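> Listed below, chain by chain, are the residues.
2 protein chains.
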Amino acid sequence: MDRLIVLKIGGTLLDEPTKLQSVLNHFCALSEKKILVHGGGAQANRIAKSLGLEPKMQNGRRITDEEMLDVVTMVYAGLNGKKIAALMQGKNCNAISLSGVDGNVIAATKRPVGEVDFGFVGDIDPEGVNTDFLSILLEQKVVPVLNAITHDRNGTLLNTNADTIATTVAAALTSRYSVELLLLTDRPGVLANPNDSTSLFSELHPSQVSALIDEGTISGGMIPKIENALGAIRCGVSAVRIGDGEMLESDRAGTRIIGQNGEQEL
Amino acid sequence: MDRLIVLKIGGTLLDEPTKLQSVLNHFCALSEKKILVHGGGAQANRIAKSLGLEPKMQNGRRITDEEMLDVVTMVYAGLNGKKIAALMQGKNCNAISLSGVDGNVIAATKRPVGEVDFGFVGDIDPEGVNTDFLSILLEQKVVPVLNAITHDRNGTLLNTNADTIATTVAAALTSRYSVELLLLTDRPGVLANPNDSTSLFSELHPSQVSALIDEGTISGGMIPKIENALGAIRCGVSAVRIGDGEMLESDRAGTRIIGQNGEQEL
Chain Y
4 MDRLIVLKIG GTLLDEPTKL QSVLNHFCAL SEKKILVHGG GAQANRIAKS LGLEPKMQNG
64 RRITDEEMLD VVTMVYAGLN GKKIAALMQG KNCNAISLSG VDGNVIAATK RPVGEVDFGF
124 VGDIDPEGVN TDFLSILLEQ KVVPVLNAIT HDRNGTLLNT NADTIATTVA AALTSRYSVE
184 LLLLTDRPGV LANPNDSTSL FSELHPSQVS ALIDEGTISG GMIPKIENAL GAIRCGVSAV
244 RIGDGEMLES DRAGTRIIGQ NGEQEL
Chain R
4 MDRLIVLKIG GTLLDEPTKL QSVLNHFCAL SEKKILVHGG GAQANRIAKS LGLEPKMQNG
64 RRITDEEMLD VVTMVYAGLN GKKIAALMQG KNCNAISLSG VDGNVIAATK RPVGEVDFGF
124 VGDIDPEGVN TDFLSILLEQ KVVPVLNAIT HDRNGTLLNT NADTIATTVA AALTSRYSVE
184 LLLLTDRPGV LANPNDSTSL FSELHPSQVS ALIDEGTISG GMIPKIENAL GAIRCGVSAV
244 RIGDGEMLES DRAGTRIIGQ NGEQEL
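One line per chain: the protein sequences are Y and R, in this order. In our numbering, each residue's number is its place in the first sequence (first place is 1) plus 3. In our numbering, each residue's number is its place in the second sequence (first place is 1) plus 3.
Honestly, I wouldn't trust all of these hints.
As the list claims (entries may be wrong) - Here are the simulated lysine-lysine pairs, DSS-like style, with alpha carbons at most 25 Å apart:
id: 1; chain 1: R; residue 1: K113; chain 2: R; residue 2: K22
id: 2; chain 1: Y; residue 1: K94; chain 2: Y; residue 2: K59
id: 3; chain 1: R; residue 1: K59; chain 2: R; residue 2: K113
id: 4; chain 1: R; residue 1: K94; chain 2: Y; residue 2: K113
id: 5; chain 1: R; residue 1: K144; chain 2: Y; residue 2: K144
id: 6; chain 1: Y; residue 1: K52; chain 2: R; residue 2: K52
id: 7; chain 1: R; residue 1: K94; chain 2: R; residue 2: K144
id: 8; chain 1: Y; residue 1: K22; chain 2: Y; residue 2: K59
id: 9; chain 1: Y; residue 1: K22; chain 2: Y; residue 2: K94
id: 10; chain 1: R; residue 1: K94; chain 2: Y; residue 2: K52
id: 11; chain 1: R; residue 1: K52; chain 2: Y; residue 2: K59
id: 12; chain 1: R; residue 1: K113; chain 2: Y; residue 2: K94
Worth flagging that the hints you see were computed from the coordinates, not collected in a lab. Keep in mind that this is a model prediction, so the values were computed, not measured.
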């Protein structure tokens, strides 16, 4: 099986042009097949506020009403996606910025209203990923740049967490490729002490994760990130690492997430 | 040669949901290979004003400074493109909304600063159209939905007139398909008397056009539209018609633009 690298970058990277260029330089230079997934929450919040809209969050998750859906569609699929694609094209990397609606790449289901109405938010599973079309692009040496906008197949756009996009696309493509998933953060990985970058966990086993969450070492946005990572391993992704741009230069950088049975590709 | 229909719709159609649905219903039902090209100037102006920016025009052409480039990228490539693609997916038509940067579909050259500095505006020619990649999509029964954002291959996005995108893409694809170009307007075609829809020219020859411009019958935005149409015919496009949604239902609707030597496909 050919190797495939799926790299997820956060929206904050887009506010740091020098770092972004460096990450894209390394990513574009990878000889493996590759897919980039990007966020854009920080930019969406800025544009929303400029338009007089107040971003609403619930437990760290965005509530996406109709007006906010327009904003995230403009920012993720328009501004961020096309800027990244242009930068990559400038590095001779044939990027194609796609939302889930494009070529029906990722279909989602609108989240049912429970205690919270998240609005136009889409939940996805690997069956909703169009692996046939993504493979055609990859075989053409085209590099998909995916954002968090999905669709319900009936004409409605939906907003999906970008980490979830990355892990689900990685999981779906294990049927065709040996997939490595890299989740980029602004830290070198999961740290025992957030102020000490030498306290990096080079590996994390599922058994350790719940204890680290309980004691507060893993907190905030890192919790769903690691849960996504564990889910990806369970779905057959060969390796998942969480860390900074160093991961693109060294196989040993970042925190490697190990599956229940020690699954990993060394 | 297979037939290919290239349909250009204006941004104003996006403000008329019922008309838009009707046009997309007819377009999606076409059995030929097809490409949609859309504008979005009206929406871009609204968003720009909401963000406190004043749209600047010169002889009906937009001046695209850096802030306005962000706005048109958000609106054309984000909001409008993805909404149209979602509606088409809801009609079982496998749309893919693309900017010129995506898969390097349309490369452009930044317009040199002359008497007017148009800013981030891109001029294109048929050589800049990636007919290989568009053909791969068309052969996969994927329907490209193109917007006016192009790129310079060096990392910079550019804004290009959507009519020009439509005619240039149509011209470029004549090497592989028998191409018909339909330029949708809010009128049934070119009218001798703008208040009388029965005064429709069913055909227009180049020799008539300059006289009609001189006497003011053809004016404003219709002038570049017809000039684009004549250019497309010169480049080998089989048929060009200008008119309203009726064109998708009847080969006889709209104003048919005839080439210098009477080139047309009846």
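> Could you run down the list of hints and mark each one as holding or not?
Taking the hints in turn, this is what the structure says about them:
no., hint, verdict
1, R:K113 x R:K22, "35 Å, violated"
2, Y:K94 x Y:K59, "37 Å, violated"
3, R:K59 x R:K113, "18 Å, holds"
4, R:K94 x Y:K113, "18 Å, holds"
5, R:K144 x Y:K144, "20 Å, holds"
6, Y:K52 x R:K52, "14 Å, holds"
7, R:K94 x R:K144, "14 Å, holds"
8, Y:K22 x Y:K59, "29 Å, violated"
9, Y:K22 x Y:K94, "15 Å, holds"
10, R:K94 x Y:K52, "34 Å, violated"
11, R:K52 x Y:K59, "24 Å, holds"
12, R:K113 x Y:K94, "18 Å, holds"
The structure shown violates the earlier hints numbered 1, 2, 8 and 10.
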